[in-house]
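Enquirer: The primary structure of each chain is shown beneath.
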Amino acid sequence: DTAVSQTPKYLVTQMGNDKSIKCEQNLGHDTMYWYKQDSKKFLKIMFSYNNKELIINETVPNRFSPKSPDKAHLNLHINSLELGDSAVYFCASSPLRLMNTEAFFGQGTRLTVV
Amino acid sequence: GDSVTQMEGPVTLSEEACLTINCTYTATGYPSLFWYVQYPGEGLQLLLKATKADDKGSNKGFEATYRKETTSFHLEKGSVQVSDSAVYFCALSRVISGGYNKLIFGAGTRLAVHP
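From first to last, the protein sequence lines stand for chains A and B.
Going by the working numbering, the first residue of the first sequence is number 18, and it counts up by one from there.
Going by the working numbering, the first residue of the second sequence is number -6, and it counts up by one from there.
The set of hints was computed from the structure by calculation and includes no laboratory data.
Every value quoted in this text rests on a predicted model; they were computed, and no experiment measured them.
Fair warning: there could be bad hints in the mix.
Unchecked claim - When the alpha-carbon atoms are kept at most 25 Å apart in a straight line, the in silico DMTMM-like pairs for lysine to aspartate or glutamate are as follows:
id, chain 1, residue 1, chain 2, residue 2
1, A, 88, B, 35
2, A, 26, B, 77
3, A, 88, A, 70
4, A, 53, B, 1
With these hints in hand, go ahead and build the complete structure from the sequences.
Expert: Structure representation (structure tokens):
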């Protein structure tokens, strides 16, 4: 069983469209994250949720809206897609405290906006 | 703010060569330090970690020692293999408000190992 799974793996869409990426973890973790990886491989955190509650929101445009229906799911909805949104988006999860443990990452969703 | 700086890649080596990827950090307090690896087309996986000064993390022949005096966590391997070709990320775990943590990553270093 995949620990952190994201769908879809690839997403090609036109500017101005609205799209969603889904993430599910079966590890029983309390905390989930969305990271964005740009074309130079730089990883930046976007959001973090703990038990459906927003913990981190890192200066992300309002067009990005995370939704956590339960602690095992964290979906990312993007409105009015722009060319600059093209990137690989990674979902991750961890136990509540990261200091002595690791985050588990999904395989990523490659979003291409044309 | 807290940050992680890694040496720029790509690093290109022949099989069985020695590897060092430099990583230094800036942080308040004493963060935990991690190396993550990303193989082509995959997500990130934890390679090793160290949670306090002088700790040495090790896994799959890779090692890194948490050096508080030099704020460094360099990744080393004595003999690399073609299968080690990947992007390597140094990261620190920083406590934010409410006692939660977040990972701050370096820019990543691509390693290419040739037979």
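Enquirer: Evaluate each hint against the coordinates.
Expert: Evaluated hints:
1. 88/A with 35/B: holds, 24 Å
2. 26/A with 77/B: holds, 24 Å
3. 88/A with 70/A: The given pair, whose Cα atoms are some 9 Å apart, holds under the 25 Å limit.
4. 53/A with 1/B: It holds: about 20 Å lies between the C-alpha atoms, which stays within 25 Å.
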